[in-house]
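Student: Sequence:
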Amino acid sequence: MDLEAKSREVLARFTEEGHVRQSLEGRKYLTPFVVGLLVECAGKENIFTSGPELEKHSADHSHHLPCLPEAVIYPRSTEMVSEVMKICHRQRVPVTPCGARTGLEGGCIPLGGVSLDLSKMNQVLKLHREELQVHVQAGIKKEMLNDYLEPQGLFFQVDPASNPSLGGMAACGSSGTLCCNYGTMKENVVSLTVVLADGTVISTRRGVRKNSTGYDLTHLCMGQEGTLAVIAELVVKVTPLPKGESSLQVAFRSLQDCSRAVLRLREARLGLSRCELLNRQSVESLNAMSAGKPLEVVPTLFLQVHAISEEAAAQEVASAQGIVAECGGEGFVVATGKEDQKALWDLRRAAYYACQKNRQHMVHYGAKDIRMLSTDVCVPLGNFPRLIEETEQDYAATARATKVPLLCNIFGHAADGNFHCVVLYDHDNVRDREVLEALDRRMWSRCLALGGSVSGEHGCGMGKVPALQAEWGAEAIALMWRLKKCLDEQEILNPGKLLPARGRSPTKTSVHVVELPKLVRRSRKDHFATAGFKPLHTFLQAEPSKEALLA
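Numbers in my numbering are just positions in the sequence shown, counted from 1, shifted up by 841.
Since the hints were made in silico from the structure, they are not lab data. Quantities reported herein were computed from a predicted structural model and do not represent experimental measurements. Incorrect hints may have been included.
[Said to hold, decoys possible] In silico lysine-lysine, DSS-like type, Cα no more than 27 Å apart, as pairs:
#, residue 1, residue 2
1, K885, K961
2, K967, K1084
3, K869, K847
4, K927, K1326
5, K1209, K1198
6, K1209, K897
7, K967, K1027
8, K1179, K1084
9, K1179, K1078
10, K1326, K869
11, K1027, K1326
12, K897, K885
13, K1198, K1183
14, K1078, K1027
The whole structure should be built from the sequences, with the hints applied where relevant.
Tutor: Structure below.
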């Protein structure tokens, strides 16, 4: 199926489900008249209505089906964003904001209309050194900002591995490996300049350290994934570069021992900046990719401390080593030099890309359209090992029963209870998709039963829309829709993302064919029966059938 046909299929499905209204002329929202207005506003050099730019903007890094926009516009300023939005608002043209397009839940896949690409808005506007703040345009990428800050002895402390744009990080509420000491994007944004659906430009807060006036508009616009406003500029916190850094790699025999060590490390209040976990399958995938000495295939923890001096950092790592040894840690690798630490953390960052090396395994299985599903969930830290173990067991039991080659790579931010589950699958194989959808649904249900959230940092996009009502409840979703209608009456901003269609049960919004049952707050023991899912232990006592796993 070519890209045009796939786009028509996706648009038809979202229109049928009530996420997207019928366009002005069949599938087209952009008439020649509207295109003329946009060209006059943005300039011919900044707008594309055909060619490879449309194809490039039809997808992100997720596994979701692509969908072509009708135009791609590259604004160069907040004022240009405002003028584009005024035209699209008057003409009721959908607008999907995007930046680096590194999202993993389909959040910037356009459903027709305009793909508003802010990547050319990538300037540092002003450094406020005395306040440890920097004012930037939304399209600047994390590494570009750090290249600017490093010569001045500073760095931006939110650290996703994918090098996204700061506007995208704010829109999704992203975090990264440094979150256990420095927090997520939501803790590090001071204020935003946003453009509303009708083109109105608003600054959400002044740049002072304390502000006790008005509503907290900054946090209203964080995590809204472009559904309430377009983030055009940000003022973010920055931090002096640490004078001392040391890192530690340690192996554990069980996830329980690893989790116990993380809890002890948090209680010790060390200057822990990073605390990352890889499960056995992720270590195995890394070994297959790496030319270096293979790691022992056991749960592995990567730690880093930031301190006021190299000596203090060495002392902190020694203290951490003592704590994890008491919890069963072994096979220690200590890295103190800059190059050694870079090699250690490059290994951790490679975990996501190492999963792609499993492609040969899928080709041997006969897969034709190999895609990678990457999802994240977050639970209270005490439930972290339980959720990982139950997810691993569910994948293993399902693979045995269905003969689908499922390799469950899990890695994540152990100090926050947030992990990523990455799996390759054959998108052309309907049975494989059904098996994976059921696995994903069960993981969501387990996560919610343990008091967690179905996304810790990726956002909802189009992939997790079906789970939102199960997590938040109908009343909260209704309130979110009231906010949406207040700020975007025409519903033109990023349609089909984040919020379930009003008055409709969530259905096929992506690869997921998911209708989560209403989750009732009960004890963990009876939650699965209450929610309509068979308890996990029934799968593990005997080889389950495919029908049982898809029930």
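Student: Now look at each hint and say whether the structure bears it out.
Tutor: Results for each hint:
1. K885 <-> K961: holds, 15 Å
2. K967 <-> K1084: At roughly 25 Å apart (the allowed maximum being 27 Å), K1084 and K967 satisfy the hint.
3. K869 <-> K847: holds, 15 Å
4. K927 <-> K1326: holds, 17 Å
5. K1209 <-> K1198: Judged against 27 Å, a Cα distance of about 16 Å means the pair holds.
6. K1209 <-> K897: holds, 22 Å
7. K967 <-> K1027: holds, 21 Å
8. K1179 <-> K1084: holds, 12 Å
9. K1179 <-> K1078: holds, 25 Å
10. K1326 <-> K869: holds, 23 Å
11. K1027 <-> K1326: Roughly 24 Å between the alpha carbons, so the hint for K1027 and K1326 holds.
12. K897 <-> K885: holds, 19 Å
13. K1198 <-> K1183: Distance of about 22 Å is within 27 Å: holds.
14. K1078 <-> K1027: With Cα atoms ~11 Å apart, K1078 and K1027 stay inside 27 Å; holds.
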